[in-house]
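> So the chains spell out like this:
Protein chains: 2
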Amino acid sequence: MGDEFNKRRGQQTIELKEPPRIISTFSIVGPKEGEGPLKHYFDEVLKDDTCGEESYEKAESEMMYKAIGESIKKAGLTEKDINYLFSGDLLNQIISSTFAARKFKIPFFGLYGACSTMSESLSLGALLVDGGFADYVVAATSSHFSSAERQFRFPLNYGAQRSKTAQWTVTGAGAMVLGRKGEFPKVRYITTGVVKDYGITDPSNMGAAMAPAAAHTIYKHFKDTGREPKDYDLIATGDLGRVGKKIANELLLEYGYDIKDNHIDCGDMIFNDVVQNTESGGSGCGCSAVVASGYLYKKLMTKEVKKVLLVSTGALMSTTSSLQGESIPGIAHAVSMEFD
Amino acid sequence: MGDEFNKRRGQQTIELKEPPRIISTFSIVGPKEGEGPLKHYFDEVLKDDTCGEESYEKAESEMMYKAIGESIKKAGLTEKDINYLFSGDLLNQIISSTFAARKFKIPFFGLYGACSTMSESLSLGALLVDGGFADYVVAATSSHFSSAERQFRFPLNYGAQRSKTAQWTVTGAGAMVLGRKGEFPKVRYITTGVVKDYGITDPSNMGAAMAPAAAHTIYKHFKDTGREPKDYDLIATGDLGRVGKKIANELLLEYGYDIKDNHIDCGDMIFNDVVQNTESGGSGCGCSAVVASGYLYKKLMTKEVKKVLLVSTGALMSTTSSLQGESIPGIAHAVSMEFD
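Chains D and L are the protein sequences, given in the same order.
Take the first sequence: its letter number 246 is residue 246 in the numbering used here, and every next letter is one higher.
Take the second sequence: its letter number 59 is residue 59 in the numbering used here, and every next letter is one higher.
Looking at chain D on its own, in the form it has when it is part of the complex (with noise of 0.2 Å):
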């Protein structure tokens, strides 16, 4: 197995050997994200983001289970059929994830990558496929705007204003099913991301605490598969945001590779930043696993686009290393999805 494994990998990438097809996906976002330019892209729109409960935080829990209950309906599956769950979010403890796994029979992994979720959990779940241990499994996670402003920043009600920096989270939970079978996107390419950490200390700019994490990996990336940025027909980082993402390119600039032409970012995709006051962009786990399991997974399906790198992005602090005076540290997972 030594010789075998050493050619399907570079440094921090694994060329999957079966790629794992992702046979479904579901996003459900709040009312404002509902709003936004990718309103078509996702599959429910909620009219009222407390999901019917009595606290923020129960509320991103039931998006989070709609999201996995609906992705393995959409599979043509029951939950008997799922080896293993992956999932995290924002919340202390991951509350979203594991009250909403405890409804479910399923082998649960608790993750934590703070907003590079949505592709740590994938590429988890690729790995464990590819790797002959699971038939189906679910990657998914969420966020809240209410639970992450209450956890993180001020309570809504205080009316604190927001820096031009600061970043929007959304409210939305996103799933996908894996499995080994039929005509759908394969993950061909895992790039596991390492720690960065360039001094940034305000928490209302991520953006820039997480740029070069994104910009590293998916440097690491070019490096370890030989590809170019041109092999890809979008290039999708997490939740950058609009400063975030401007920093991203000029940092892999410096690394040797451009790649504004095929760049997006989820952050600064799903809302207008103007209309609806969202300054730098999105953000939150939910973020970019609702852009990927609705427009990027849709996108792919009618073949509108054929090679997209998901670089989800996080930011690895908590109020209390802020208020110890920590910088920022930041990760990023990138897995490439693929229909030819």
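None of these hints come from the bench; they were simulated from the model.
Check before you lean on any hint, since a few could be wrong.
[Claimed, not checked] Sample of chain D residues facing chain L (criterion: CB under 7 Å; computed from the structure):
#, residue
1, PRO107
2, ASP197
3, GLY199
4, THR201
5, SER204
6, ARG227
7, SER322
8, GLN324
Note that beta-carbon positions come from the ideal geometry of N, C-alpha and C, so glycine has one too.
Once you have looked at the hints, place chain L on chain D.
This is chain L only, laid out in the frame that chain D set:
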């Protein structure tokens, strides 16, 4: 691959084809743990539980960093040899893990499994090695009494009374390096838990909340593998403590398995509860991590025991979920460590 796959798995259990080896471990504990019954099994006992840092959170991260680094050194490797690092901890947004990972250039998967993290990280690491995706992986976790008390319960200075069913969060970090070769204990079976919730709402009685998950995972392990309690020298649950251990035993009797004779609990063993005032025993991610990396691994290496089933157990709640009246879901992951 389909048939081969199906032969090697039960409903929740995988039998690894080329069982990865645990080629080294490192355990580091605080002064109190260093006075307990297992003191001679730990690699390092801190004289000062601040680890020379200015906050308990930074101290915990420093312990994690040390455990990871030293386990790599003990394996005769450098960080360049490690393909993946899996780790998680109890702190909000797993800052102990992410700030430790920041000091390494190792592709990093962040986990959250509460106190089940040692067997969760070991499971995923072993699957990636067995699947041919990695030559070497590090699995690690940590906890710290003072950072956990501050975050989950009361500031220490408050001097709150402790309940008789309360457990004492272990100050410690454990890391294991997995590889493919050499005369070392192997990871043979991985049984991944589902979330179980029996409606316990008392955060001072975590053992009772986690016991149903432990019992269920152990039951599934026996069903899936055809093994029986007597096939193991030790069945080591994570941190049920005295109260939870008894409940788990009784629940397993209802499932038809009597594990009393070879059941130990890491939380029950790490302190002398009477002398050390630790009520129902130890808890925290670090509990099963240091007992497994210290005591259990050393007993396996000397072949005093040959087959151990490690069942780390996690309580999947947060302070917010408790304040919102939620019960406490539990999870348990089982990993068999065998040296024949």
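> So which of the earlier hints does this model not fit?
3, 4, 5, 6, 7
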